[in-house]
Amino acid sequence: MLKNALTSVYNFLVGDLRILIGVLVLLPLVALVAQWLPSVAGLFMLVLVIGTLFVTLRYETIPKRQEKR
Amino acid sequence: MQWATVFSAFAASLVEFVEAFTIVLVVGVTINWRSSLAGTAAALLLLAVLVGVFGVSLAQLVPLDALRLVVGTILLLFGLKWLKKAILRYAGLKALHDEEAIYEHEMAELRAAGAARSNTFDRFGIAMAFKSVLLEGLEVAFIVITFGVTSATTDAQRMAGLNAAALGALAALVLVVIVGAFIHAPLRQVPENTLKFTVGIMLTVFGTFWAGESLGINWWGTDLALLWLGITYLLVSWGLVTWLRGYAKAGSVAPPISANTPL
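Top line first, the protein sequences correspond to chains V and B.
Just add 47 to wherever you are in the first sequence, counting from 1, and you've got the numbering used here.
Just add 20 to wherever you are in the second sequence, counting from 1, and you've got the numbering used here.
Bear in mind the hints are in silico, worked out from the structure with no lab data behind them.
Honestly, I wouldn't trust all of these hints.
Here are some chain V residues the structure puts well away from chain B; computed CB gaps all over 10 Å [as the list claims (entries may be wrong)]:
id, residue
1, K50
2, T54
3, V70
4, I97
So the derived label-pair ranges between C-beta atoms look like this [as the list claims (entries may be wrong)]:
id, chain 1, residue 1, chain 2, residue 2, range
5, B, A270, V, L79, 35 to 43 Å
6, B, V69, V, P85, 32 to 40 Å
7, B, K269, V, Y106, 14 to 22 Å
8, B, L64, V, T54, 26 to 34 Å
9, V, T54, B, F141, 17 to 25 Å
10, B, K269, V, L64, 23 to 31 Å
11, B, L195, V, L76, 20 to 28 Å
Note that the Cβ used here is the ideal one computed from N, Cα and C, for glycine as well.
Take the sequences, apply the hints, and build the full model.
Here it is, written out as structure tokens:
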């Protein structure tokens with residue numbers, strides 16, 4: 048029951064592990080850069096968000112993933 | 021009347037109301053108005069309770085940066101998910117919803133279940149509207165409190181300042197609702213995937229902006245950053261669609277249409 052509830056919350060909030068990992072990794076990195084190099088932190092965050100999207104989409108082009116989908 | 025306070029609060033609140041209303045509007049158009057309005061009503065109720073209980077001390081009690089981080093992160097997660105699916109559909113790697121067929125299928129199912137489409141609550145839609153209205157509503161409350169009490173030295177001045185700031189915020193809300201009422205009808209004519217793509221871009225933009233602000237980023241152009249972030253994501257998404265079309269042409273087959281496919 049707990050597993051079902053957690054799966055349900057995960058599917059509702061994310062549904063894609065790569066996006067979750069990407070966002071959870073980028074936030075502390077951006078916080079760090081914002082502290083030391085505030086002038087480039089915005090650009091850095093933009094690049095990381097785009098990178099997360101790119102990696103997620105790249106994964107979708109793997110043949111096995113396409114068959115599964 | 022402190023007209024300077026009225027105009028300052030109007031201008032500042034207008035930006036916040038536009039941000040909240042944009043998300044309420046897209047949830048209403050893409051999911052349904054019932055969910056959008058339910059989320060909005062719940063957020064307004066919580067806001068009223070918070071303001072009623074804490075009054076002007078609210079500005080010191082609520083950690084706005086923490087709230088921005090949570091809401092921004094969730095919007096970023098939702099936004100990237102929507103954007104990914106919309107890009108895959110545009111590229112031909114995921115089937116486009118056959119909107120009319122799905123609509124008919126859903127209506128037939130709902131008729132069989134004795135319910136109408138507009139009567140179904142959608143938890144995603146409610147959550148999106150709730151979070152956005154709560155965050156922006158709190159920001160407006162802070163604007164009213166800050167602008168209202170900043171220059172006051174006596175209780176009477178403070179009360180007059182709060183009234184003037186509240187009037188400015190109210191005028192901004194009325195303006196945003198009136199403009200929104202005019203533009204929501206044309207939005208319904210836009211194809212489903214185009215709307216979802218746009219919503220994905222917008223959620224990602226707001227998520228990036230709020231999460232970034234909470235982490236200490238001073239966005240270039242402050243609120244104007246929403247515009248250039250949107251343009252950047254739009255251009256990048258266009259590039260990604262072009263890139264992925266190569267994979268679609270190389271022989272991948274889009275899956276069959278399913279009425280139950282999320283998004």
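Now the hints, each set against the structure:
With a minimum CB-CB distance of about 19 Å to chain B, V:K50 clears the 10 Å threshold, and the non-interface call stands. Under the 10 Å C-beta cut-off, the non-interface status given to V:T54 relative to chain B holds; the minimum distance is some 14 Å. Non-interface status of V:V70 relative to chain B is broken: a Cβ of that chain comes within 10 Å, the nearest being about 5 Å off. Its beta-carbon lying about 5 Å from the closest one in chain B, V:I97 breaks the requirement of being farther than 10 Å from that chain.
Checked against the given bound of 35 to 43 Å, the beta carbons of B:A270 and V:L79, roughly 40 Å apart, stay inside it. Here the CB-CB span from B:V69 to V:P85 is close to 36 Å, well matched to the stated 32 to 40 Å. As the Cβ distance of B:K269 to V:Y106 is approximately 19 Å, the hint placing it in 14 to 22 Å holds. The supplied range of 26 to 34 Å is met by B:L64 and V:T54, whose beta-carbon atoms lie about 32 Å from each other.
Checked against the hint of 17 to 25 Å, the pair V:T54 and B:F141 passes, with Cβ atoms roughly 21 Å apart. For the pair B:K269 and V:L64, the beta carbons lie near 28 Å from each other, so the given range of 23 to 31 Å is met. Taken as a hint, the range 20 to 28 Å is violated for the pair B:L195 and V:L76, whose Cβ atoms sit roughly 39 Å apart.
When each numbered hint is compared with the structure, violations occur for hints 3, 4, 11.
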